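Here the structure of chain V is known, so what remains is to put chain E in place on it, guided by the hints.
Here the protein sequences line up with chains V and E, keeping their order.
For the first sequence, our numbering begins at 1 and goes up steadily by one.
For the second sequence, our numbering begins at 1 and goes up steadily by one.
None of these hints come from the bench; they were simulated from the model.
Predicted model only: the values in this text are computed from it and were never measured.
No residue lacks a Cβ here, since even glycine has one placed at the ideal position from N, Cα and C.
Watch out, some of these pointers could steer you wrong.
[Stated by the list, open to error] Some chain V residues judged to face chain E by a derived CB distance under 7 Å, without partners named:
#  : residue
1  : 8
2  : 28
3  : 34
4  : 40
5  : 43
6  : 46
7  : 93
8  : 104
9  : 105
10 : 109
11 : 115
[Claimed, not checked] Taking lysine-lysine pairs in the BS3-like style, the calculated list, with each CA pair at most 30 Å apart, reads:
#  : chain 1 : residue 1 : chain 2 : residue 2
12 : V       : 42        : E       : 69
13 : V       : 20        : V       : 42
14 : V       : 41        : E       : 69
15 : V       : 55        : V       : 14
16 : V       : 14        : E       : 69
[Claimed, not checked] Computed far set for chain V versus chain E, every beta-carbon distance over 10 Å:
#  : residue
17 : 54
18 : 65
19 : 68
20 : 74
21 : 78
22 : 108
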Amino acid sequence: GAVVSQHPSRVICKSGTSVKIECRSLDFQATTMFWYRQFPKKSLMLMATSNEGSKATYEQGVEKDKFLINHASLTLSTLTVTSAHPEDSSFYICSARDVTGNTEAFFGQGTRLTVV
Amino acid sequence: DAKTTQPPSMDCAEGRAANLPCNHSTISGNEYVYWYRQIHSQGPQYIIHGLKNNETNEMASLIITEDRKSSTLILPHATLRDTAVYYCIVRVRIGNEKLTFGTGTRLTIIP
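Next comes chain V alone, as it looks inside the complex (with noise of 0.2 Å):
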């Protein structure tokens, strides 16, 4: 299947810095890529859907100037978590599916994100 690339795969920041996370499509082009969070044994919940050359729209609840998101071309997109608290500290996972839309959605391998 298409293969769907996060980075980093773990990383750990200080409170009150930003963090970066990135979300490649390898080998197919995403207009649309999908960012979720995990806290430990619960299910994975939409926090917002990237949109390539528009601005992302973000689920209810979500800060959007905390968690900024950016979808600068058909392949890459970022989640930017902006002056982290230790609350941030979560499982961030995003998905894509190609510009057709007719496929299935592929995930990354997820971000840890440790903020201590």
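Then chain E, alone, in the frame of chain V:
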């Protein structure tokens, strides 16, 4: 997207068939049944999908009832590496609508 209901957990002996049920009684005519799984600390992995006919691929089989209100994912010969949380999701096939994850079924394969 229509809501799905899955048992929270199941055990299966290694080498046996694992049968994971899913109820989706409010599924619409144009919605497909998708199955994903998530192994610990990894992103979800696509397994299989179907509309109304039974489907089989190298990973699993999907049996959908005639009224489409429920389905069963079958892993024919479960291995320890099949231990994961399995998510049943219903959604339209075309387009970039989001996937909404329920709580899934935590499948544990017992040696």
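Hints numbered earlier in the text: which of these fail when held up against the supplied structure? 1, 2, 4, 11, 16 and 22
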